[in-house]
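Whenever a hint applies, use it, and build me the whole structure from the sequences.
Its first residue numbered 175, the first sequence is counted upward by one per residue in the numbering used here.
Rather than coming from a laboratory, the hints here were simulated on the basis of the structure. The beta-carbon is built from N, C-alpha and C at its ideal position, and this holds for glycine as well. Warning: the hint list may mix true and false statements.
What the hints assert, rightly or not - Pair ranges (Cβ atoms, derived):
id: 1; residue 1: Lys763; residue 2: Lys741; range: 20 to 30 Å
id: 2; residue 1: Ile910; residue 2: Lys1089; range: 41 to 51 Å
id: 3; residue 1: Pro930; residue 2: Glu643; range: 49 to 59 Å
id: 4; residue 1: Asp801; residue 2: Val860; range: 40 to 50 Å
id: 5; residue 1: Arg262; residue 2: Ala979; range: 23 to 33 Å
id: 6; residue 1: Phe950; residue 2: Ser761; range: 27 to 37 Å
id: 7; residue 1: Asn968; residue 2: Pro694; range: 42 to 52 Å
id: 8; residue 1: Ser761; residue 2: Met931; range: 32 to 42 Å
id: 9; residue 1: Ile910; residue 2: Lys207; range: 49 to 59 Å
id: 10; residue 1: Lys763; residue 2: Thr205; range: 45 to 55 Å
id: 11; residue 1: Gly529; residue 2: Lys741; range: 52 to 62 Å
id: 12; residue 1: Glu643; residue 2: Leu433; range: 34 to 44 Å
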Amino acid sequence: MSEGFGKGCHLHLIDGSAFIFRAYHALPPLTRKSDGLPVGAVAGFCNMLWKYVSDEHGSAAPTHAAVIFDHSSKTFRNEIYDLYKANRPEPPEDLRPQFPLTRDATRAFNIACIEIEGYEADDIIATLSCQAREAGGSATIISSDKDLMQLVGDGVDMLDPIKGKLIGPEEVREKFGVGPDRVVDVQALAGDSVDNVPGAPGIGIKTAAQLINDYGDLDTLLARAAEIKQPKRRQTLIDHADQIRISKRLVELDCKTPLDFTLQSLEVRDPDAETLLGFLTEMEFRTLTTRVADRLGAEAPAVTAAPASEAPAAPDQPQFDSASYQTVRDIETLDQWIAAIRETGHVAIDTETTGLDDMRADPVGICLATAPGTACYIPFGHVEGEAGDGLFATAPSLAPDQLTQDQVLSALKPVLEDPSILKIGQNLKYDWKILARQGIRMAPLADTMLMSYALNAGTHNHGMDELAERYLGHKCIPIKELIGSGKSQITFAQVPIDKATPYAAEDADVTLRLWQHFAPMMPVEKVSTVYETLERPMVPVLADMEMAGIRVDGGHLGRMSNAFAQKMAQLEDEIHELAGEKFNVGSPKQLGEILFGKLGMEGGKQGKTGAYSTSADVLEDLAVSHDLPARVLDWRQISKLKSTYTDALQGHVNPDTGRVHTSYSIAGAQTGRLASTEPNLQNIPVRSEEGRRIREAFVATEGYRLVSLDYSQIELRILAHVADIPALKQAFRDGIDIHAMTASQMFNVPVEGMDPMIRRQAKAINFGVIYGISGFGLSRNLRIPRAEAQDFINTYFERFPEIRAYMDKTVEDAKRDGFVTTLFGRRINTPGINQSGPAAGGARRAAINAPIQGAAADIIRRAMIRMPAAIRDLPARMLLQVHDELVFEVEESAVDDLIAAARQVMEGAAEPAIKLSVPLIVDAGAGMNWAEAH
DNA sequence: GCCCTCACG
DNA sequence: GACGTACGTGAGGGCT
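This is the structure:
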């Protein structure tokens, strides 16, 4: 028994290679500033190690720990089977030099760093976990690698570091269908395409688990293979018995790896501040260095002399110190801040308000920051006095010792509108609208959220808390600590000013620091043009659209709601009658049990939660021969229309304006599209007749008309251009029906007198191509056999070979660069594109789609940005955007002028940046309501 | 808070 | 019958 490691000891085994690849693919390529050395994976690796080291781990805290790496690709398994891992691609060029650095990093963290020639990390992990168990201790393997799951059980478990999920015998059983002790048997049968373990052809995990459960173990199964009922399966096992046995030796981990160290030597040690900071500084990881110095300085005063103050990474970045923020309560101090702003030429600004709805909330204070650590809060709307309940509640009155709103805004207005002073904000559209409602139109603007979006779309979200943590290593004060949550939530106006200042001023401070962080990166990463031409100018344009809102006829909606309620009640009665019992039609779970359980209908598909799917396409199939599912479909449609639209929309009418004001997220969608929220006005029904009537409730003011202009087939046109497909381009130039043309090319039929069914199929394929088509997807969409769908796709690629070339190139770009770009330079990161397994398919399709969807989004953004100037002299306002459609409200007499002006802007929106080789065509309509205009 | 379902381009 | 699959969104209701 190894001395010192025994009962009560707990060993953590970190799968180093998994950490590296995860880090590499999760992060954009990053290089060391001074010499261009690629260090992205090292940075991610260090962040993960730091996160791991700082974690408390609770009761599972390790007494011993090690990071284990693969040493080289050739191991004893290649002697058993020379093709083992033969189809593993070489690691990317920019990852290779980072491997030794991750070893250095591990040592810098003072964690044992282990690799042994000729052995895979998995075998070392197996050996160490066996030893830990035998010594009477326990072990946790930090990895999500399924190959390690065979080790689970009896004192050994796994922790998925990404999901933070503990993997025990139950989870293993869920994955493999057998307990950990039989995992190798299942793997031997199923094989593994990633590691090139052959297994038995045609047998996957499901079948393998079933066989093992039936026969007990692999040896018994192979010995009694002749008894298997299914002839094909029996023959496979008999024919491939040797191959299966070899596979088992490949997947079975070796617990007897010779080790030249003891468990005791893996004892957990605190990192040495100097060593660790030295390494991080050398790598030039500013953020992490600061973060580590912070922590080690605070917790280990003995070593503060070295790191915290001398951390060279950020000499000019003061620590966050909420005590240093100033509360501005008099006009002299405010004037001093204004003078400081005029001095620096820029200011970070954040408004505090009474709520989240920027069309209803009132401002209660403004924060400013002029330099990191130099920030203030100017309260003017805080109240005091118990809001309380009952008769004796005092009406809240303004808290003392505040400037008035008028004083503050009058003093700031000249600065906020001064064209020589840059206003920096995080999600500035919000603050812009709050101030615009007080008569201040801020300009010019810098928005850190949009900078992050231009740099990092696809990698992570762009909220302030996320950015602060990621790029400044700083955790923001959660707003909940001030205003609470749920029923007892108060507004920011009720927060005592002395509590408000640290929170509020911190937001401005963080914003300023983020701006300093992002601004120099923009030209280096070549995203300045996108930010300047497609992101930043959207803020005032969208703010004006949102403030304009659209008139909604509440009476019309109310009448529809009533009619829907009646119809639903009637359908419910019929459904209960047909089911023979009452149940909640709106519960998919109950419905599934009725249809597939009680009534025993065929075709019940169970998802991963074990519930039957009752989605529309399932019900449609059932509806062919049963009444009940048909009624449910009707009920569902009406229920959706009522709850999501006719009911909910009435609640979104703003009492002050009598109109509905949506909010557009500029940085929400990965591709550059906008997203509309609260309410979502980008998914108002149109496809069904019933639904289209909801659009009649969106109306023009008296004397006005609604005008809708939309791009015709914009994504297909972009595809024709970027993939350079002569046949498609010519068809668009000639203005012929594109789907009919496709059908004609594919099925060799004339366009004249074409069967509508044929055209419909061609249309589905055209759309499918944009989405990264698969035979499965097309077959489901068209409800045709999969082989037939695959034939269509093959024919399509034969007729239009350029499309295949485009797809391949796009995926190749994504794999090499970690991102794809649109025609206008928008960058969409593609994390996960280099993964293997089913997840890779999705990433592939997303990468193919992104440049097309993204370019369309860029084009309409360009049009929207130019629109205000183009329609300035017309009595018209732009109200809504629905991806390829713009909706305006215009005086009746100016409808034609508006259509002409807006169409010209939209059709020419790509120019002069891009001269498309196909024309952009815009269709237009006008009417009293949206249904008529569209 | 997650899942299912469904509205749109 | 190894797996799961068209791309991008937001919202409401059920259920735990």
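CB-CB spacing for Ser761 and Phe950 relative to the 27 to 37 Å hint: Between Phe950 and Ser761, where Cβ atoms are some 29 Å apart, the hint holds.
Between Ser761 and Met931, does the beta-carbon spacing fit 32 to 42 Å? holds (37 Å)
Evaluate the given range 23 to 33 Å for the C-beta pair formed by Arg262 and Ala979. holds (27 Å)
Within 20 to 30 Å: is that where the Cβ-Cβ distance between Lys763 and Lys741 falls? holds (24 Å)
Range agreement (Cβ of Thr205 with Cβ of Lys763, hint 45 to 55 Å): This hint holds: roughly 52 Å between Cβ atoms.
Verdict for Ile910, Lys1089 (Cβ pair) under range 41 to 51 Å: Between Ile910 and Lys1089, where Cβ atoms are some 22 Å apart, the hint is violated.
Could you see if the CB distance from Asn968 to Pro694 stays within 42 to 52 Å? Given about 50 Å between the Cβ atoms, the range holds.
Ile910 versus Lys207 beta-carbon gap, inside 49 to 59 Å or not: The hinted range 49 to 59 Å holds for Ile910 and Lys207, with Cβ atoms some 54 Å apart.
Quick check on a hinted range of 52 to 62 Å for Gly529 and Lys741, using CB atoms only. violated (36 Å)
Whether the CB-CB distance between Asp801 and Val860 falls inside 40 to 50 Å: violated (28 Å)
Is 34 to 44 Å right for how far apart the beta carbons of Glu643 and Leu433 are? holds (39 Å)
Between Pro930 and Glu643, does the C-beta distance stay in 49 to 59 Å? Roughly 55 Å apart at Cβ, these two residues keep to the hinted range, so it holds.
Comparing the model with each earlier hint shows violations of hints 2, 4 and 11; every other hint is respected.
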